[in-house]
Amino acid sequence: MSEITRDQLMAYADGQLPEPEHAAMEAFLAANPDAAADVALHQRQSDAIRTLFGPVGAEAVPARLKPRRLAAEMARRRTRNWGWVAAAVVLVGLGLGAGWIARPLFDARPASQLLIADAVNAHAVYVAENRHAVEVGSDDSEHLSGWLSNRLDTRLRMPDLATEGFTLVGGRLLPGEPHAGGRAAQLMYENATSDRVTIYVTAALPDRAPGYEFASYDGAEVFYWANARITCTVVGTLPEEQMKTVASSIYRQLTEGDVNAGRPYRG
Amino acid sequence: MNDFLDQLETCVPALRRYARALTRNADLADDLVQDCLERAISRRGLFRPTGAVRAWLFTILLNLHRNALRASHRRGETVDIDMVPELSTPAAQPGHIALAELARAIDTLPPEQKEALLLVTLEGIPYAEAAGIIGIPLGTLMSRLGRARAALRTLTGHPAEPHLRTVK
Chain E
1 MSEITRDQLM AYADGQLPEP EHAAMEAFLA ANPDAAADVA LHQRQSDAIR TLFGPVGAEA
61 VPARLKPRRL AAEMARRRTR NWGWVAAAVV LVGLGLGAGW IARPLFDARP ASQLLIADAV
121 NAHAVYVAEN RHAVEVGSDD SEHLSGWLSN RLDTRLRMPD LATEGFTLVG GRLLPGEPHA
181 GGRAAQLMYE NATSDRVTIY VTAALPDRAP GYEFASYDGA EVFYWANARI TCTVVGTLPE
241 EQMKTVASSI YRQLTEGDVN AGRPYRG
Chain D
1 MNDFLDQLET CVPALRRYAR ALTRNADLAD DLVQDCLERA ISRRGLFRPT GAVRAWLFTI
61 LLNLHRNALR ASHRRGETVD IDMVPELSTP AAQPGHIALA ELARAIDTLP PEQKEALLLV
121 TLEGIPYAEA AGIIGIPLGT LMSRLGRARA ALRTLTGHPA EPHLRTVK
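For the record, the sequence lines run as chains E and D.
Numbers 1 to 267, taken from the numbering used here, label the letters of the first sequence in order.
Numbers 1 to 168, taken from the numbering used here, label the letters of the second sequence in order.
Only chain E is shown next, with the shape it has when bound in the complex (with noise of 0.2 Å):
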């Protein structure tokens, strides 16, 4: 060895130093007292330190730092977690079983139901109107039945109720069940006693299916039905003879013509 390096002298102090070297190193000491100092300062701090922190490896350890004691104890904390986890799976479980279990309870609500019950909404809020009894006024009753047909995507045209002794008083836009186009219309008739009778028409609904329904529904009596083009709800207090006879005039006017050759009703 023709050159001893500082990391090397370190290394000797630290007795790191691979063992074919040392009697090289051990002659360049002997030859160089400062280098040999500087080896024996290093020594000395080593041992220092280790008088200083040493002895706090031979104290006994206290129970909490004992690995087994430690790895028990995770594994309780994750017993604990896992309960939990599991509780809450046989819970969501339990919810999802009984949900479909109840599934047909949700269902058995057909479509129908949710038309009328709108319908029936849509009448007692409007009929309540004087001055917004309707969007458009049945003075401009092409523009009405323009304007309707275009949002329910079908042709609609006014059904006319004078023999029954009923005039227009107008329609609205209203939103309407998402599976029946989203949109509703409403029409607004009067009598010469300010009986209001109202028509609640959507587009057709997806099976396109025809359905006839009489009910009495809120203290109003009411005639629904659907066809391939639309549904069509009849709302009203009069009373339950005269109630039909104006139901059965406009669903004659609205069905006029052959639905399922999808010819527009003449209305």
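Calculated directly from the structure, the hints in this document are not laboratory data.
It cannot be assumed that every hint is accurate.
Said to hold, decoys possible - Non-contacting residues of chain E with respect to chain D, defined by C-beta distances greater than 10 Å in every case (computed):
#	residue
1	HIS42
2	THR51
3	LEU65
4	GLY83
5	GLY170
6	HIS179
7	GLU190
8	LEU238
Unchecked claim - Residues from chain E shown here face chain D by an in silico Cβ test under 8 Å; the list is partial:
#	residue
9	GLN45
10	GLY57
11	ARG76
12	ARG77
These numbers come from a predicted model, not from an experiment.
Idealized CB from N, CA, C, for every residue including glycine.
On the provided structure of chain E, position chain D as indicated by the hints.
Just chain D, lined up with the frame of chain E:
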């Protein structure tokens, strides 16, 4: 698994010793060791059997210590005065380094010099392993050790003294 816990157990005294020397506070040191062990137990799956458990544990401990240092940065350091023992054993020796003086000197070292110096001198960990634990190249470790020792030498006022030959 039990084998693994046994391996941990044999390392606990050394971890405590190193943690105590780093923090100079018995409670902080043991908290550090407990955190280190818990982390090791929860991550035993990540342990590579090719590496030494000891080096892995010291790496975890050192990272936790550095994080704690960062968190308490500028919060002020507390030095437990009881931590500096009045040891009499080496005192009789000529040329011994005053221990209290040395303890104070170590405290003034930059953290990265302190952690390297203590790994090598106190724990007797081989240079290569120490460099791995700290996460630096071997050359960097050597230069940190050199600087740490030179600083201690200056701080403890022992540039040279007689009886060098008598000290092994």
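Comparing the hints with the structure gives:
Consistency note on HIS42 (chain E): stated as away from chain D, yet its beta-carbon is not over 10 Å from all of that chain's, at 6 Å minimum. The non-interface label for THR51 (chain E) is inconsistent with chain D: the shortest C-beta to C-beta separation is roughly 6 Å, within 10 Å. Distance to chain D contradicts LEU65 (chain E) as a non-interface residue, since its nearest Cβ pair spans about 5 Å, not more than 10 Å. With a cut of 10 Å on Cβ distances, GLY83 (chain E) stays outside the contact zone with chain D, its closest approach being about 18 Å.
The claim that GLY170 (chain E) is not at the interface with chain D holds, since no C-beta of that chain comes within 10 Å of its own (minimum 73 Å). Once the 10 Å rule is applied to beta carbons, HIS179 (chain E) is consistent with being away from chain D; the minimum gap is 52 Å. With a least beta-carbon separation of about 78 Å from chain D, GLU190 (chain E) lies farther than 10 Å from that chain, consistent with its non-interface assignment. The claim that LEU238 (chain E) is not at the interface with chain D holds, since no C-beta of that chain comes within 10 Å of its own (minimum 77 Å).
For GLN45 (chain E), the suggested interface contact is upheld, since its CB lies about 6 Å from the closest CB of chain D, less than 8 Å. Proximity of GLY57 (chain E) to chain D holds as hinted, the smallest CB-CB distance being about 4 Å (cut-off 8 Å). Because the closest C-beta pair between ARG76 (chain E) and chain D is about 13 Å apart, greater than 8 Å, the hint is violated. At about 10 Å, the closest approach between the beta carbon of ARG77 (chain E) and any beta carbon in chain D exceeds 8 Å, and the interface hint on this residue is violated.
Checked against the numbered hints given earlier, this structure breaks hints 1, 2, 3, 11 and 12; the rest are met.
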